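Chains as they are written, first to last, in numbering that gives the first Met the number 0: chain A, 0 to 463; chain B, 0 to 463.
Worth double-checking, as some hints may not be accurate.
Some but not every residue of chain A turned toward chain B, in silico, with C-beta under 7 Å [said to hold, decoys possible]:
| id | residue |
| --- | --- |
| 1 | 226 |
| 2 | 232 |
| 3 | 359 |
| 4 | 432 |
If you want a taste of the chain B side facing chain A, the calculated C-beta under 7 Å gives, among others [as the list claims (entries may be wrong)]:
| id | residue |
| --- | --- |
| 5 | 32 |
| 6 | 94 |
| 7 | 223 |
| 8 | 226 |
| 9 | 284 |
| 10 | 298 |
| 11 | 307 |
| 12 | 309 |
| 13 | 359 |
Hint data in this document are derived by calculation from the structure and do not stem from the laboratory.
The structure displayed is predicted, hence computed values, not measured ones.
Glycine residues also receive a C-beta, built at the ideal position from the N, C-alpha and C atoms.
If you want the building blocks of each chain, they are given just below.
Number of protein chains: 2
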Amino acid sequence: MPDVEDVLKEVDRNMPTTIEKLLDLISIPSISSDPIGKPGIEQAARWLQDELSAIGFEARIVTTPGHPLILAHAGGTTMADTAGLLFYGHYDVQPVGVAEDWTHDPFGPQILEEDGRHRFYGRGASDSKSQLWTFIEGLRAWKAVHGGFPARIIVLLEGEEESGSQNLPAFIEACREELACDIAFICDSDMWLPHQPALTIQLKGLVHEKLTVFASNGDLHSGAFGAVAANPIRILSGILAAIHDEDGRIAIEGFYDGVDPIPSHAREQWAALSRQADPLEKIDLRGGVIEAGHSPLEAIWGRPTVDMNGITSGNQGPGERSVIPGYATARLSFRLVEGQDPEKIRECFRRFVRSRLPEGCSAEFEGANGSSAVTMPRDNPFVKAAARGLEKEWGVPTVLKGSGGSIPLAQQLKDTVGLDCIAIGFILPDDAIHGPDERYDTERLHKGIRSWVRILDEVQHMKR
Amino acid sequence: MPDVEDVLKEVDRNMPTTIEKLLDLISIPSISSDPIGKPGIEQAARWLQDELSAIGFEARIVTTPGHPLILAHAGGTTMADTAGLLFYGHYDVQPVGVAEDWTHDPFGPQILEEDGRHRFYGRGASDSKSQLWTFIEGLRAWKAVHGGFPARIIVLLEGEEESGSQNLPAFIEACREELACDIAFICDSDMWLPHQPALTIQLKGLVHEKLTVFASNGDLHSGAFGAVAANPIRILSGILAAIHDEDGRIAIEGFYDGVDPIPSHAREQWAALSRQADPLEKIDLRGGVIEAGHSPLEAIWGRPTVDMNGITSGNQGPGERSVIPGYATARLSFRLVEGQDPEKIRECFRRFVRSRLPEGCSAEFEGANGSSAVTMPRDNPFVKAAARGLEKEWGVPTVLKGSGGSIPLAQQLKDTVGLDCIAIGFILPDDAIHGPDERYDTERLHKGIRSWVRILDEVQHMKR
Numbered sequence: 000m001p002d003v004e005d006v007l008k009e010v011d012r013n014m015p016t017t018i019e020k021l022l023d024l025i026s027i028p029s030i031s032s033d034p035i036g037k038p039g040i041e042q043a044a045r046w047l048q049d050e051l052s053a054i055g056f057e058a059r060i061v062t063t064p065g066h067p068l069i070l071a072h073a074g075g076t077t078m079a080d081t082a083g084l085l086f087y088g089h090y091d092v093q094p095v096g097v098a099e100d101w102t103h104d105p106f107g108p109q110i111l112e113e114d115g116r117h118r119f120y121g122r123g124a125s126d127s128k129s130q131l132w133t134f135i136e137g138l139r140a141w142k143a144v145h146g147g148f149p150a151r152i153i154v155l156l157e158g159e160e161e162s163g164s165q166n167l168p169a170f171i172e173a174c175r176e177e178l179a180c181d182i183a184f185i186c187d188s189d190m191w192l193p194h195q196p197a198l199t200i201q202l203k204g205l206v207h208e209k210l211t212v213f214a215s216n217g218d219l220h221s222g223a224f225g226a227v228a229a230n231p232i233r234i235l236s237g238i239l240a241a242i243h244d245e246d247g248r249i250a251i252e253g254f255y256d257g258v259d260p261i262p263s264h265a266r267e268q269w270a271a272l273s274r275q276a277d278p279l280e281k282i283d284l285r286g287g288v289i290e291a292g293h294s295p296l297e298a299i300w301g302r303p304t305v306d307m308n309g310i311t312s313g314n315q316g317p318g319e320r321s322v323i324p325g326y327a328t329a330r331l332s333f334r335l336v337e338g339q340d341p342e343k344i345r346e347c348f349r350r351f352v353r354s355r356l357p358e359g360c361s362a363e364f365e366g367a368n369g370s371s372a373v374t375m376p377r378d379n380p381f382v383k384a385a386a387r388g389l390e391k392e393w394g395v396p397t398v399l400k401g402s403g404g405s406i407p408l409a410q411q412l413k414d415t416v417g418l419d420c421i422a423i424g425f426i427l428p429d430d431a432i433h434g435p436d437e438r439y440d441t442e443r444l445h446k447g448i449r450s451w452v453r454i455l456d457e458v459q460h461m462k463r
Numbered sequence: 000m001p002d003v004e005d006v007l008k009e010v011d012r013n014m015p016t017t018i019e020k021l022l023d024l025i026s027i028p029s030i031s032s033d034p035i036g037k038p039g040i041e042q043a044a045r046w047l048q049d050e051l052s053a054i055g056f057e058a059r060i061v062t063t064p065g066h067p068l069i070l071a072h073a074g075g076t077t078m079a080d081t082a083g084l085l086f087y088g089h090y091d092v093q094p095v096g097v098a099e100d101w102t103h104d105p106f107g108p109q110i111l112e113e114d115g116r117h118r119f120y121g122r123g124a125s126d127s128k129s130q131l132w133t134f135i136e137g138l139r140a141w142k143a144v145h146g147g148f149p150a151r152i153i154v155l156l157e158g159e160e161e162s163g164s165q166n167l168p169a170f171i172e173a174c175r176e177e178l179a180c181d182i183a184f185i186c187d188s189d190m191w192l193p194h195q196p197a198l199t200i201q202l203k204g205l206v207h208e209k210l211t212v213f214a215s216n217g218d219l220h221s222g223a224f225g226a227v228a229a230n231p232i233r234i235l236s237g238i239l240a241a242i243h244d245e246d247g248r249i250a251i252e253g254f255y256d257g258v259d260p261i262p263s264h265a266r267e268q269w270a271a272l273s274r275q276a277d278p279l280e281k282i283d284l285r286g287g288v289i290e291a292g293h294s295p296l297e298a299i300w301g302r303p304t305v306d307m308n309g310i311t312s313g314n315q316g317p318g319e320r321s322v323i324p325g326y327a328t329a330r331l332s333f334r335l336v337e338g339q340d341p342e343k344i345r346e347c348f349r350r351f352v353r354s355r356l357p358e359g360c361s362a363e364f365e366g367a368n369g370s371s372a373v374t375m376p377r378d379n380p381f382v383k384a385a386a387r388g389l390e391k392e393w394g395v396p397t398v399l400k401g402s403g404g405s406i407p408l409a410q411q412l413k414d415t416v417g418l419d420c421i422a423i424g425f426i427l428p429d430d431a432i433h434g435p436d437e438r439y440d441t442e443r444l445h446k447g448i449r450s451w452v453r454i455l456d457e458v459q460h461m462k463r
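Only chain A is shown next, with the shape it has when bound in the complex (with noise of 0.2 Å):
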């Protein structure tokens, strides 16, 4: 019978090919939140069910109100009666930003050799198409040795991810039974190191808001009217500027309402994993305001927070237009530690604004997401069992981390289908994830796949 090492060889060897198919999967422009990806989608999706079934799946499309997820079932031949494994990846993008800002085609991948590393650029190189192809690629290469796998198989492909995940509960309300099993693996995270791996057991909710405020009038002739009428720039600064304090904390009533403070105990963990090595040192956190009293990791694993994503009014050039603006948009999202509920933390928000509104202005909000903070146990065999696959791979101890990322999947699965969830992935800080020239490399992939292989034998050999 062959073993965990026959199929790392098929990993290897097929790793060409692999890395051929990946770049022709980065290539097909699947963004989620702009009309204009919705071909680039429905190419995704169909390419990804051919994928899943060349390897034996029984793979469907499932369409919602918006774009399709990809449903993937295989049985197993080892636990078959009783354990399931769900693997979890998004197809989607995000929309490219400004093209120019970017070196690289955001849609046309190659390999480069930079600084010893086999790099490849492109919008989804590593949010989430290689995440998504390392899961894939090493169930490819099991069955491929084994000739079927240690367990029934969920593959679960979404494409909303990256725009809010709108039809992801109802589905999952729908499928529940479908999608019971043992554990959710979501490969949608990051590593601790460069080359140390993660687990990520801490995610955090997630709230988007539009803003848009309206002064008293339309569009004015700044020169007659500026000294006089409603600046909405001016009025949405000075709400923005209003929304930190002084020391970073924020200052939207209610906003920290239910939240405790970071237990000691993670505190600690952090303390001593800040000391071994720092995961930020390729930012430059000057200019940045950290809440007071929290350390880097503190803050961005255990404070919530208010991000401002985006702001427009007015002129946007190119050239100068005295005017004084009608209205004023910004676009803000809302992480959540655990004890805040999002509809909650939305409402205090919009009073908080509303507050602020001259007489005579109004304000419209569109929100978007709302996802609560999930935490998985530390306890669980699975959790136990990956790490150890990925120890194995990397060849370092694995960490168990938080993070300042959302993934509401995690919550809606616990909260449907009663399922643990486990972030695993390969991320790095410097991979430009949501920004210009996102990128990935060739070696993660690689013992990517490899890690999946070797967490698939370590699950096959648990004590059930």
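Here the structure of chain A is known, so what remains is to put chain B in place on it, guided by the hints.
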């Protein structure tokens, strides 16, 4: 010999053609601040050259490194040897802005009957194609009846007024002898009330600044780094929110250096005007912050201001993008009063911004414009003649007023050619100049043309 009534009759007779031609001119998209406007600029310049030539002017297109000017001359028959009148208008227009904010086609004007007025909408309808058309048609009618002009006439039409008049100073310097005359009539200003004409004898200076704040990193994932990294929207909002204090005064150090209090005689005249009627009644002043201790009219005409014209950063939609942007941009304009030097004001602002930048962040500035305030002499005989002419047409006294707007030309003509300027125009507050649905009406066009005929007649009978 024909008299003024004959010329006025010719104006009345020709109105259908006058309107038809004007709508044709407005339909040319002569946007000066955006490269897309270049063909429209060139078309409008030729159109106007042809019209002036048809009236008997020696009209030429003067090229510049930017957009061309039209300079036209005609000899006088009455005061030919000594007196010369310069008529200034600009044929370029503001950009459309947000196209969806317009109810009417910005470049497809039609006459619509509304509230008993015959209105037409379009970019440049009010600012300033109808305005320049009033004096061209006035001159045409005069010439048609008299066969010549009562004085030597210079017509100067600019194509860069809405984009900073960057090439006007060099042109004036180069053509200073050709521009020498007795008075310049600048037709780019407003009435006091819908049926009460005005001479604008005080204009503000103007400085534009485009400010970009760069954070210490490029775009970052807002979940991963929002708690710790600099957010340029937050920094820029803080800077913009600090520009005004609670009393509506500008908190930029040095901004008021050299600014004297508004003289009491001016305050008294303006207060008397305000008691008579409220020219701002169509504007909702709620939410505006008027500098403490000043009436709205004093703030507009007599006090310097800082106005935010535009802001842009990060996600512009349509969907969400969870990003901390790498940079944020704001566009501001400064309206100056006597005693303020434009370049000193620019420096004050840049110092203000730099002193508020967190460590690791930087700012880039792009400056445009730079003109001082000007005040015109009340006792100039042409001021008196023009006031008499306007009064005869409108049947009510002509108001000598200030303005919140700026016409950099006035300072340049004074400094370089020693020429005094009188701003006369027929704009009203609800013409929405620079905004969507910019408009004008045929009654003002008609009476505006007649006004210039009466002014020419007064000038003809001036004692010299």
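Hints and how they fare:
Interface restraint check for residue 226(A): the shortest CB-CB distance to chain B comes to about 4 Å, inside 7 Å, so the restraint holds. The criterion of a C-beta within 7 Å of any C-beta in chain B is met by residue 232(A), whose closest approach is roughly 4 Å, and the hint holds. Annotation: interface hint on residue 359(A) holds; nearest CB of chain B at approximately 2 Å, less than 7 Å. Hint on residue 432(A) holds. Least Cβ distance to chain B is approximately 5 Å, under the 7 Å limit.
Annotation: interface hint on residue 32(B) holds; nearest CB of chain A at approximately 2 Å, less than 7 Å. At its closest, the beta carbon of residue 94(B) sits 6 Å from a beta carbon of chain A; the interface hint therefore holds under the 7 Å criterion. Below 7 Å, beta-carbon pairs count as interface contacts, and residue 223(B) has one with chain A at about 5 Å; its hint therefore holds. Checking residue 226(B) against chain A: minimum C-beta separation of about 4 Å stays under 7 Å; hint holds.
A distance limit of 7 Å between C-beta atoms decides the matter here; for residue 284(B) the minimum to chain A is near 6 Å, and the interface restraint holds. At about 4 Å, the closest approach between the beta carbon of residue 298(B) and any beta carbon in chain A falls short of 7 Å, and the interface hint on this residue holds. At about 4 Å, the closest approach between the beta carbon of residue 307(B) and any beta carbon in chain A falls short of 7 Å, and the interface hint on this residue holds. The closest approach between the C-beta of residue 309(B) and any C-beta of chain A is roughly 3 Å, which is under the 7 Å cut-off, so the hint is satisfied.
Checking residue 359(B) against chain A by beta carbon gives a least distance of about 2 Å; that is within 7 Å, so the hint holds.
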